[in-house]
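Please arrange chains R and Z with the ligands on chain G, whose structure you already have, making use of the hints.
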Amino acid sequence: MNGLFAGLAAGLRHVGKLTIDGIWRLGFATRFMFAVLLASGQSLTRIHLTIRELYFSGVLSLLIITVSGLFVGLVLGLQGYDILQRYGSADAVGVMVALSLLRELGPVIAALLFASRAGSAITAEIGLMKTTEQLKAMDMMAVNPIARVVAPRFWGGVLSMPLLAALFSAMGVFGGWLITVVVIGVDDGAFWSQMQAAVEFDYDVLNGIIKSMVFGTVVSLIAVFEGYDCEPTAEGVSRAITRTVVTSALAILALDFVLTSFMFRG
Amino acid sequence: MMSRTALDLWVGIFVAIGFAALVFLAMKVGSFSGINGSESYRVEAAFDNIGGLKVRAPVKSAGVLIGRVQGIRFDTDSYRAVVQLDIDKRFEFPADTSASILTSGLLGEQYVGLEAGADVEPLKEGDRLMITQSAVVLEKLIGQFLFDKAAEPAAQ
Amino acid sequence: MPLVSLRDVRFAYGERSVLRGIDLDVHRGQVVAIMGGSGCGKTTLLRLIGGQLKANSGAVEVAGHEVGKLGRAELYAMRRRMGMLFQFGALFTDMSVFDNVAFPLREHTDLPPTMIRDLVLMKLQAVGLRGAASLRPGELSGGMARRVALARAVALDPMLILYDEPFAGLDPISLGIIGQLIRRLNDALGASSVMVTHDVHESLEIVDYIYFVSDGRIVAQGTPDEIRASADPFVHQFVNAEADGPVPFHYPAQPIDSLLGGRSA
Ligand SMILES: Nc1ncnc2c1ncn2[C@@H]1O[C@H](COP(=O)(O)OP(=O)(O)OP(=O)(O)O)[C@@H](O)[C@H]1O
Ligand SMILES: [Mg+2]
Numbered sequence: 257m258n259g260l261f262a263g264l265a266a267g268l269r270h271v272g273k274l275t276i277d278g279i280w281r282l283g284f285a286t287r288f289m290f291a292v293l294l295a296s297g298q299s300l301t302r303i304h305l306t307i308r309e310l311y312f313s314g315v316l317s318l319l320i321i322t323v324s325g326l327f328v329g330l331v332l333g334l335q336g337y338d339i340l341q342r343y344g345s346a347d348a349v350g351v352m353v354a355l356s357l358l359r360e361l362g363p364v365i366a367a368l369l370f371a372s373r374a375g376s377a378i379t380a381e382i383g384l385m386k387t388t389e390q391l392k393a394m395d396m397m398a399v400n401p402i403a404r405v406v407a408p409r410f411w412g413g414v415l416s417m418p419l420l421a422a423l424f425s426a427m428g429v430f431g432g433w434l435i436t437v438v439v440i441g442v443d444d445g446a447f448w449s450q451m452q453a454a455v456e457f458d459y460d461v462l463n464g465i466i467k468s469m470v471f472g473t474v475v476s477l478i479a480v481f482e483g484y485d486c487e488p489t490a491e492g493v494s495r496a497i498t499r500t501v502v503t504s505a506l507a508i509l510a511l512d513f514v515l516t517s518f519m520f521r522g
Numbered sequence: 238m239m240s241r242t243a244l245d246l247w248v249g250i251f252v253a254i255g256f257a258a259l260v261f262l263a264m265k266v267g268s269f270s271g272i273n274g275s276e277s278y279r280v281e282a283a284f285d286n287i288g289g290l291k292v293r294a295p296v297k298s299a300g301v302l303i304g305r306v307q308g309i310r311f312d313t314d315s316y317r318a319v320v321q322l323d324i325d326k327r328f329e330f331p332a333d334t335s336a337s338i339l340t341s342g343l344l345g346e347q348y349v350g351l352e353a354g355a356d357v358e359p360l361k362e363g364d365r366l367m368i369t370q371s372a373v374v375l376e377k378l379i380g381q382f383l384f385d386k387a388a389e390p391a392a393q
Numbered sequence: 009m010p011l012v013s014l015r016d017v018r019f020a021y022g023e024r025s026v027l028r029g030i031d032l033d034v035h036r037g038q039v040v041a042i043m044g045g046s047g048c049g050k051t052t053l054l055r056l057i058g059g060q061l062k063a064n065s066g067a068v069e070v071a072g073h074e075v076g077k078l079g080r081a082e083l084y085a086m087r088r089r090m091g092m093l094f095q096f097g098a099l100f101t102d103m104s105v106f107d108n109v110a111f112p113l114r115e116h117t118d119l120p121p122t123m124i125r126d127l128v129l130m131k132l133q134a135v136g137l138r139g140a141a142s143l144r145p146g147e148l149s150g151g152m153a154r155r156v157a158l159a160r161a162v163a164l165d166p167m168l169i170l171y172d173e174p175f176a177g178l179d180p181i182s183l184g185i186i187g188q189l190i191r192r193l194n195d196a197l198g199a200s201s202v203m204v205t206h207d208v209h210e211s212l213e214i215v216d217y218i219y220f221v222s223d224g225r226i227v228a229q230g231t232p233d234e235i236r237a238s239a240d241p242f243v244h245q246f247v248n249a250e251a252d253g254p255v256p257f258h259y260p261a262q263p264i265d266s267l268l269g270g271r272s273a
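Chains as they are written, first to last, in my numbering: chain G, 257 to 522; chain R, 238 to 393; chain Z, 9 to 273.
Only chain G is shown next, with the shape it has when bound in the complex (with noise of 0.2 Å):
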């Protein structure tokens, strides 16, 4: 019996300290992030800093985001045409391909294999230079840290991601139009025209974009900071860049719902 009780406080005293950890790490992710935001002058200033990281988070990520929009719009035009051809309204398989895309997919899966292929390569980085003294080395010269490779890093990829988002979306229409007007024979017109009509700007594409944005910002946020803040040994930079890509994963999933339920229009 007393081992039982015993055991019990051990886990919820596990749970609290759990707790407790999170919150203060949380707190401090905060301070971090206006940290970043403040010393972000010379990421405009000294714009090559910038365009260094939009090389790296952005022209890197190019080839994995338009293979994979083109796989997924394959795949939605033949699913979609499946489930709407039983209906007499293969026509519309345009319309399901895109909004699909620009509303949800396009944002979340870009910014998923964004988190897990320019995020952590931002993590690993930045980690690697904690880890190996330079950015010790580089506050000792009077260079601010956070100015010079963190804030650089964090604008890079808030720029990248929505334009990888609107390029997986567009290659993803692209691949639906492949497979169901090419392929099985859908109508051209039809297939276009109907979309167009089903489309709003302003709803549609904007709230995607917005979405992008949103995550864009925080899987940044969140590479830089597991980089900046992780354990200066080669097991520690290993468990940032995981913690990276998982934190990354829920936060996008998660706001993804959340961002939805304000937009959407009972």
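It should be emphasised that the hints constitute simulated quantities derived from the structure, not laboratory data.
Incorrect hints may appear among the rest.
Only pairs whose alpha carbons sit at most 30 Å apart, straight line, appear in this in silico DSS-like list of lysine-lysine [what the hints assert, rightly or not]:
id : chain 1 : residue 1 : chain 2 : residue 2
1  : R       : Lys-297   : R       : Lys-377
2  : Z       : Lys-77    : G       : Lys-392
3  : R       : Lys-377   : R       : Lys-291
4  : G       : Lys-392   : Z       : Lys-62
5  : R       : Lys-326   : R       : Lys-361
6  : Z       : Lys-77    : Z       : Lys-62
7  : G       : Lys-273   : Z       : Lys-62
Quick look at chains R and Z with the ligands alone, frame taken from chain G:
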């Protein structure tokens, strides 16, 4: 490490591709059409009600695609909808051809169906189709049906 | 007035007290060595001087300013006149050797690229690595990396240079080269240097003054000649590299008997 200029170039390409994708999405891909490429002639048809007909919807005859809806406007004199149809030059129709707004499938999109008449004169650019049949509006149909049902016992 | 002066400086990492009242002076133009066993708090001492850590009590003064009381901007202003060589070089791995040395110049000056190029090549020439300018840090040996880091640390002609174990892991020849470089750069720049090291013999050759740290305190000090002649058992152990003496071989722990006893009980 690549040089600054190469880096700038790549980032420029990236941003251009991203914005092209945005424009593509924003414009909802305007210029894809099976008809626009070939020559066509334009005729008009006035309807009491076009239902859910949209610009760029197909124009079919006997189920075959022969053209597209080019524009839809509201005529304030007759209070009717005037639909402009672009019809492929290869297909000639008699002048007394009739147009109706039909639906593909139960819930599918609406299109304009043409039924050839018997006139020897062909349809020409700018002509107006005289015989038209409006879209079937589901609510009206149901309302009509209920009204008839209600009226039945009284008739007996 | 000394350039650097520490008065009764105490510092603890949380509960673990590392420095327990350090008094130390570095005069202008001097090269001063701080020696002591591994883990006795030498790196910590350098961090206190560089303002990366704040003393729990006591005063750390550099050029008349109390480091612990400076705001961020003032601290940065002071650090521009300081160079620090990290224990493992801490070169920026995403830049070439040239860009590493150019980094402080580009960050803190508006010099035209041609001037920066000349300055960087001059610094690299001083450490004998002008030919390695286009290499990446990954392509350097440990000793070369240390020399590049040294060139970077003196890029802005600092008034104070801090060295954290500049000799660790070097062969005797590179060790001599680095030692001579430290002395020559210090004299050429008219700077002062603080050097943390284990290497007694090399230090005795090049430094002006030596402090021995043990158990969080300064236990011995003097010029190289005084040290060589010293009868202090601590100094004796260090200079003659004896395994055990006043500097304990063991990290503080429970007596091993208690461990063994605990198991038999
Ligand atoms: N960040 C830290 N947190 C807690 N304790 C630390 C930290 N850094 C160092 N210590 C402890 O403080 C003591 C002094 O560390 P320091 O790095 O100053 O030693 P050192 O004299 O430079 O050793 P070495 O010659 O091996 O480099 C060590 O016992 C170490 O365990
Ligand atoms: Mg050390």
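Hint by hint, here is what the structure shows:
Taking the CA atoms of R/Lys-297 and R/Lys-377, the gap is about 25 Å. The hint holds against a cut of 30 Å. At most 30 Å may separate the alpha-carbon atoms for a hinted pair to count; Z/Lys-77 and G/Lys-392 meet this at roughly 20 Å. For a cut-off of 30 Å, the pair hint linking R/Lys-377 to R/Lys-291 stands: about 20 Å separates their Cα positions. A hinted pair counts as satisfied when its Cα atoms are at most 30 Å apart, and G/Lys-392 with Z/Lys-62 qualifies at roughly 15 Å.
A hinted pair counts as satisfied when its Cα atoms are at most 30 Å apart, and R/Lys-326 with R/Lys-361 qualifies at roughly 10 Å. With a CA separation close to 9 Å, the supplied pair Z/Lys-77 and Z/Lys-62 stays within the 30 Å bound. Restraint check for G/Lys-273 and Z/Lys-62: the C-alpha separation of about 28 Å stays at or below 30 Å, so the hint holds.
In this structure, every one of the numbered hints holds.
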